[in-house]
Amino acid sequence: MSKTYYDPADLKKFGSISEWDEELGSKFFEYYNSVFEEGALTAREKSLIALAVSHVVQCPYCIDAYTKDGLQRGIEKEEMMEAIHVGAAIKGGATLVHGVQMMNKYNKLSM
Amino acid sequence: MPTKSLQARKNLLSNPQEQLKYLSNGIFGDGELPLFKDKIASGGTYTLRPKKLEILQLNLGYMCNQVCSHCHVDAGPDRKEIMTRETMQLCLEVIRKSGAHTLDLTGGAPEMNPDFRWFVEEASKAGIDDFIVRSNLTIIVANKKYYDLPDFFKKHNVHVVSSLPFYKREKTDRQRGSGVFDKSIEALKMLNAVGYGREGSGLKLDLVYNPAGAFLPANQQALERDFKKALKADFDIEFNELFCITNLPISRFLEYLIASENYEDYMNALVEAFNPAAVQNVMCTNTLSVSWDGWLYDCDFNQMLGLKVDSKVQHLKDFEAEILRDREICISQHCYGCTAGAGSSCQGSVTLYDGK
Chain U
1 MSKTYYDPAD LKKFGSISEW DEELGSKFFE YYNSVFEEGA LTAREKSLIA
51 LAVSHVVQCP YCIDAYTKDG LQRGIEKEEM MEAIHVGAAI KGGATLVHGV
101 QMMNKYNKLS M
Chain E
1 MPTKSLQARK NLLSNPQEQL KYLSNGIFGD GELPLFKDKI ASGGTYTLRP
51 KKLEILQLNL GYMCNQVCSH CHVDAGPDRK EIMTRETMQL CLEVIRKSGA
101 HTLDLTGGAP EMNPDFRWFV EEASKAGIDD FIVRSNLTII VANKKYYDLP
151 DFFKKHNVHV VSSLPFYKRE KTDRQRGSGV FDKSIEALKM LNAVGYGREG
201 SGLKLDLVYN PAGAFLPANQ QALERDFKKA LKADFDIEFN ELFCITNLPI
251 SRFLEYLIAS ENYEDYMNAL VEAFNPAAVQ NVMCTNTLSV SWDGWLYDCD
301 FNQMLGLKVD SKVQHLKDFE AEILRDREIC ISQHCYGCTA GAGSSCQGSV
351 TLYDGK
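So the protein sequences, as listed, match chains U and E.
Residues 1 to 111 (this note's numbering) make up the first sequence, in order.
Residues 1 to 356 (this note's numbering) make up the second sequence, in order.
For the record, the hints were derived by calculation from the structure and aren't laboratory data.
Even glycine gets a Cβ: it sits at the ideal position worked out from N, Cα and C.
Wrong hints could be hidden among the right ones.
Capping the alpha-carbon separation at 16 Å, the derived lysine to aspartate or glutamate pairs in EDC-like fashion look like this [to be verified]:
| hint | chain 1 | residue 1 | chain 2 | residue 2 |
| --- | --- | --- | --- | --- |
| 1 | E | Lys97 | E | Glu81 |
| 2 | E | Lys168 | U | Glu30 |
| 3 | E | Lys171 | U | Asp7 |
| 4 | U | Lys77 | E | Glu170 |
| 5 | U | Lys13 | E | Glu122 |
| 6 | E | Lys168 | U | Asp21 |
| 7 | E | Lys97 | E | Asp78 |
| 8 | U | Lys46 | U | Glu19 |
| 9 | U | Lys12 | E | Glu264 |
| 10 | U | Lys12 | E | Glu121 |
| 11 | E | Lys154 | E | Glu121 |
| 12 | E | Lys168 | E | Glu186 |
| 13 | U | Lys12 | E | Glu122 |
| 14 | E | Lys229 | E | Glu241 |
| 15 | E | Lys125 | E | Glu93 |
| 16 | U | Lys13 | E | Asp206 |
| 17 | U | Lys68 | E | Glu272 |
| 18 | E | Lys228 | E | Glu264 |
So the derived label-pair ranges between C-beta atoms look like this [stated by the list, open to error]:
| hint | chain 1 | residue 1 | chain 2 | residue 2 | range |
| --- | --- | --- | --- | --- | --- |
| 19 | U | Trp20 | E | Asp78 | 54 to 60 Å |
| 20 | E | Asp318 | U | Ile17 | 53 to 59 Å |
| 21 | U | Glu37 | E | Asp236 | 29 to 35 Å |
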């Protein structure tokens with residue numbers, strides 16, 4: 001067994017999850033591929049969204065995959081970093097907006 | 001960024017045999033990845049054979065004013081291999097009898113060959129449909145004696161195919177050398193000024209994109225759209241088509257892959273992106289590559305790997321189209337570069353879709 005939780009070589013084996021559940025695995029990958037096709041959003045825009053989300057969910061496989069995908073699409077490093085900041089802003093905002101809940105509770109419990 | 005060729009640095013990889021060894025050992029030697037011949041055989045192609053000869057690609061010499069980090073020719077100012085007028089005479093004879101509709105001059109910087117202009121003048125009389133010169137652009141502004149190249153190209157109705165790895169300065173300069181982007185833009189403006197790439201001029205200017213790093217090119221149409229938009233908006237530059245070319249793991253790009261520890265991942269990516277549809281259209285099936293000293297190869301990459309055509313006819317002086325057609329194309333693991341995704345050739349992608 002590996003001594004680390006993440007091994008970059010595992011990314012290539014992603015498809016093997018279907019081996020233990022063919023039906024759900026296939027459904028997932030079919031859905032996944034459809035999501036990234038050109039639609040109302042371009043494949044380029046979807047790649048940047050995927051990169052931002054990869055950081056928010058802190059998935060090292062996804063970060064590797066969508067950095068490479070972005071490079072292939074000619075996405076520039078400034079665009080990648082801005083996308084990550086969008087993710088960070090939402091994640092930070094999501095933490096802070098709960099501050100209102102804290103304030104509400106504080107006020108309710110206080111005389 | 002190298003400043004000298006592998007040959008001048010006496011690097012082991014300047015020897016084609018060493019490169020071929022590298023491409024057959026390691027992940028391919030231990031069976032982790034399939035050999036190219038086994039991969040195409042699994043799709044029913046047991047031997048790769050040429051179809052009708054359409055494109056004759058002549059390498060006028062390995063001398064170049066640039067030392068690009070990805071160069072598969074290992075070209076540079078220190079390379080002295082140059083095609084002589086005598087060999088050019090042989091080329092002219094072969095052009096007339098080969099029946100090829102496209103003539104493609106490459107290098108190095110083909111314009112640096114002292115007999116370049118004489119040869120273009122002679123070859124343009126041979127009745128070729130499409131006469132391509134592959135220009136690195138910066139040569140046009142490198143020295144006063146080259147400033148009139150756009151007019152010279154126009155006079156002979158040459159189809160100019162130019163390398164511009166990206167529409168932004170940073171990535172271009174990292175791959176091709178500091179200052180290359182600005183000089184390329186200047187040269188493109190000079191070409192546009194005489195009509196190249198402008199609508200209705202009939203003068204064709206295509207650009208070549210190849211990735212600045214260890215990754216594959218994405219969809220050619222999408223990148224062409226981005227290139228056109230950016231070059232028009234930033235510099236009022238126009239061009240006809242963008243060709244996406246995958247970097248093949250040979251020569252200086254192989255050196256880069258090994259040094260940056262990207263070799264295995266890159267080869268994995270090429271094998272994973274293998275597209276059986278691209279195998280049918282690989283350029284070696286309709287192209288012959290001629291070296292500066294007149295030897296014949298299935299493609300420019302095989303030329304750099306020293307893999308001469310597997311035929312009784314191996315040199316221009318013995319050229320016989322029928323004998324040459326009856327041959328097997330020499331393949332090795334570098335060929336995965338031409339079958340990945342939408343496929344890759346000197347004319348860009350070879351299929352519309354990437355096979356997914």
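So, going through the hints one by one against the coordinates:
no.: 1; hint: E/Lys97 with E/Glu81; result: 26 Å, violated
no.: 2; hint: E/Lys168 with U/Glu30; result: 36 Å, violated
no.: 3; hint: E/Lys171 with U/Asp7; result: 30 Å, violated
no.: 4; hint: U/Lys77 with E/Glu170; result: 11 Å, holds
no.: 5; hint: U/Lys13 with E/Glu122; result: 57 Å, violated
no.: 6; hint: E/Lys168 with U/Asp21; result: 46 Å, violated
no.: 7; hint: E/Lys97 with E/Asp78; result: 35 Å, violated
no.: 8; hint: U/Lys46 with U/Glu19; result: 28 Å, violated
no.: 9; hint: U/Lys12 with E/Glu264; result: 13 Å, holds
no.: 10; hint: U/Lys12 with E/Glu121; result: 53 Å, violated
no.: 11; hint: E/Lys154 with E/Glu121; result: 12 Å, holds
no.: 12; hint: E/Lys168 with E/Glu186; result: 14 Å, holds
no.: 13; hint: U/Lys12 with E/Glu122; result: 53 Å, violated
no.: 14; hint: E/Lys229 with E/Glu241; result: 13 Å, holds
no.: 15; hint: E/Lys125 with E/Glu93; result: 12 Å, holds
no.: 16; hint: U/Lys13 with E/Asp206; result: 39 Å, violated
no.: 17; hint: U/Lys68 with E/Glu272; result: 15 Å, holds
no.: 18; hint: E/Lys228 with E/Glu264; result: 34 Å, violated
no.: 19; hint: U/Trp20 with E/Asp78: 54 to 60 Å; result: 57 Å, holds
no.: 20; hint: E/Asp318 with U/Ile17: 53 to 59 Å; result: 57 Å, holds
no.: 21; hint: U/Glu37 with E/Asp236: 29 to 35 Å; result: 34 Å, holds
Consistency note: the structure conflicts with the earlier hints numbered 1, 2, 3, 5, 6, 7, 8, 10, 13, 16, 18.
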